[in-house]
Amino acid sequence: MTSGESERNRFLIALAKFLGESPVETSPLAELLICDEPFFEELLRPILADNNDVGLTFGRFNQLMLACGRPMSNVPFYEYFFKGVSTTAAFEGAVERFRVKAMWLFGNFKFAYRRLATAEESKFNDLISRTESRSSTTFASREPFAEIQEIPEGDLGLLGYISKQAVNDLAFAVQTLRMMVQKWDERGTLLAALGEPKSQKIRELLLEKEVTVPVDGLSGFGHSELSSVIDRLGFQLKNLQERQARAEEIGIQNTQRYLVLPYLDVYVATSMRSDADFVSQHTFVKDLFQNAGVRELNLRYFDPTVSYDPDRVKKGLIEALMLRRAAVTIYIAGAEDTMGKDSELAATLAQGKPVIVFVQAEPRFVAVEGRVKPVDMERRAKSFRVDHPLGLQISARTGVAHGIIVVRTIDECAEMLRKVMLHDLGLSVKHESGNFLLVEDKTKSVVRVVTDDPLLSHSFWSYFRHAEPEPDI
Amino acid sequence: MQHTVSRFDHDEAVRRYALHLLSEGYDVRARVEGWFQAPEYIYGYRPDIVARKGDDWLIVEVKKGEVDWPKINALERLRGERDHFRLVIASPEQVLAGVWAA
Chain R
1 MTSGESERNR FLIALAKFLG ESPVETSPLA ELLICDEPFF EELLRPILAD
51 NNDVGLTFGR FNQLMLACGR PMSNVPFYEY FFKGVSTTAA FEGAVERFRV
101 KAMWLFGNFK FAYRRLATAE ESKFNDLISR TESRSSTTFA SREPFAEIQE
151 IPEGDLGLLG YISKQAVNDL AFAVQTLRMM VQKWDERGTL LAALGEPKSQ
201 KIRELLLEKE VTVPVDGLSG FGHSELSSVI DRLGFQLKNL QERQARAEEI
251 GIQNTQRYLV LPYLDVYVAT SMRSDADFVS QHTFVKDLFQ NAGVRELNLR
301 YFDPTVSYDP DRVKKGLIEA LMLRRAAVTI YIAGAEDTMG KDSELAATLA
351 QGKPVIVFVQ AEPRFVAVEG RVKPVDMERR AKSFRVDHPL GLQISARTGV
401 AHGIIVVRTI DECAEMLRKV MLHDLGLSVK HESGNFLLVE DKTKSVVRVV
451 TDDPLLSHSF WSYFRHAEPE PDI
Chain E
474 MQHTVSRFDH DEAVRRYALH LLSEGYDVRA RVEGWFQAPE YIYGYRPDIV
524 ARKGDDWLIV EVKKGEVDWP KINALERLRG ERDHFRLVIA SPEQVLAGVW
574 AA
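Note that the protein sequences, when read in sequence, are chains R and E. 1 is the number of the first residue of the first sequence in our numbering; add one for each residue after it. 474 is the number of the first residue of the second sequence in our numbering; add one for each residue after it.
Just so you know, the hints here were simulated from the structure itself, not pulled from any lab data. Fair warning: this is a prediction, and the values are worked out from it, not measured in the lab. One thing to keep in mind: the hints can contain errors.
[Unchecked claim] List time: in silico DSSO-like cross-link candidates among lysine-lysine, alpha-carbon distance up to 30 Å:
id	chain 1	residue 1	chain 2	residue 2
1	R	Lys123	R	Lys83
2	R	Lys419	R	Lys430
3	R	Lys373	R	Lys444
4	R	Lys164	R	Lys314
5	R	Lys183	R	Lys209
6	R	Lys238	R	Lys315
7	R	Lys164	R	Lys238
8	R	Lys442	R	Lys110
9	R	Lys382	R	Lys442
10	R	Lys286	R	Lys164
11	E	Lys544	R	Lys315
12	R	Lys110	R	Lys123
13	R	Lys314	E	Lys537
14	E	Lys526	R	Lys183
15	R	Lys183	R	Lys286
16	R	Lys209	R	Lys198
17	E	Lys544	R	Lys164
18	R	Lys315	R	Lys201
19	R	Lys430	R	Lys382
20	E	Lys537	R	Lys164
21	R	Lys198	R	Lys238
22	R	Lys110	R	Lys419
23	E	Lys526	R	Lys238
24	R	Lys314	E	Lys544
25	R	Lys315	E	Lys537
26	R	Lys201	E	Lys537
27	E	Lys544	R	Lys444
28	R	Lys183	E	Lys537
29	R	Lys123	R	Lys430
30	E	Lys537	R	Lys198
31	R	Lys419	R	Lys442
32	R	Lys198	R	Lys164
33	E	Lys526	R	Lys201
With the rest of the complex left out, here is chain R (with noise of 0.2 Å):
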């Protein structure tokens, strides 16, 4: 093969790149022209004149299109992706661009060439501007984030619902212990009314307080033992309601707080089972956005750990609001699936906005309650990656598909997020198992996915119809 002959395949094969299609060999543009071959290759002669040399035109692009049975392109498109090219390596480099774009818009070639291309300039700068990067200014000259209250670390765990329960069954028990002095000579049938199952309870619990159940059980206990437990006890549950009145006080206001914010930037999704839960999720949180890269674009951030309501279905609607409100959700992935968690990951890509997927490297081995072997984060991670069932949704406004961008430490985590929100992520398009991936660069995630796959492809974006392009991040 001559140069000359190889410059003019790698043009072709780009060519194809652009219009969508997936070219061979024997003829690169079979599939797209709609003129003779012949005169095909006379449009081309004055475009691939000499060796290495483009002529690219907006009239010979417009010529171009025309054979291809595209749409002529407007000028604001032509301007944008080719004005200046003059060489194979240009020109190729001005397809992938274009191929980032339009997979970043509208998750389709052919559409985004029709849509972009024959905008007016100012919807095609409207478009366009959705893609590119944003100066951090804009961030940084808003005023810090500083209406949320903290809460004592210690007390963060009072919010959950299992420590509120937990409390609950203390105060329960200290009351029926209280009633069994009260109505002293009764406390036999107050017990048997009681029964079994709910004196077990108490008793496990009181155990759990390092309190000495006779042998007899509840009925056992003597009447100033029981007042002595009881003064022990209930010190220790007034402490805990005290504090937890507390915390509950500064999460409904926390709550009000993010209901009337201006605007909402990041989405944090956890998963609070434990109070060790609790604290280590408000510890990623605060290191993350107190992260230099992060801190200075003064991101407005929901933290469930600080939120609080104490009806679940309200705690609920309001996640599910915030989440709706955030440009971009942070989903901390511990050892295991949960489905509140998972959800949220899943409707954040099902509204058309990315996901940064943060999956600890440090420890890589984490203990399960009821596994025998600890959880590899490593794989978890590489999980995540490459076949997580929740890693590739669509959206259900557009159908574009969306993958997650998966990070192991807290730095990354910011440097990715500093990118989502700066439109400053680095991507090129891969393509691998007759399907084109959009990869971010640094942590080789996959964040759209489009097939070349004609049937599917035809039938796909015949049932979604494209409508508007995903938002600006």
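Dock chain E against chain R, hints included.
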């Protein structure tokens, strides 16, 4: 904003009333999660306690505040329709002071 009693006082009063009724020989359903089966809805509202001893049915509602008005209205409606139902509307203060209507 309407006045409401603290969740802690309300919940403590419901717990205490439920245990009191239990000690008085009632079968008790109460909104005390983890300890009693919850009462059924009455005209769309779930009372704090429904207790039964023979033909004697007792509905107890511990007041949270003005927001309870439609619920209390619904419970009064049931009492008006069924002779063997009694209705107690109690404040947390009364209950916590050991003042029982039943």
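Quick one: which hint numbers does this structure break? Sort them smallest to largest. 15, 23, 27
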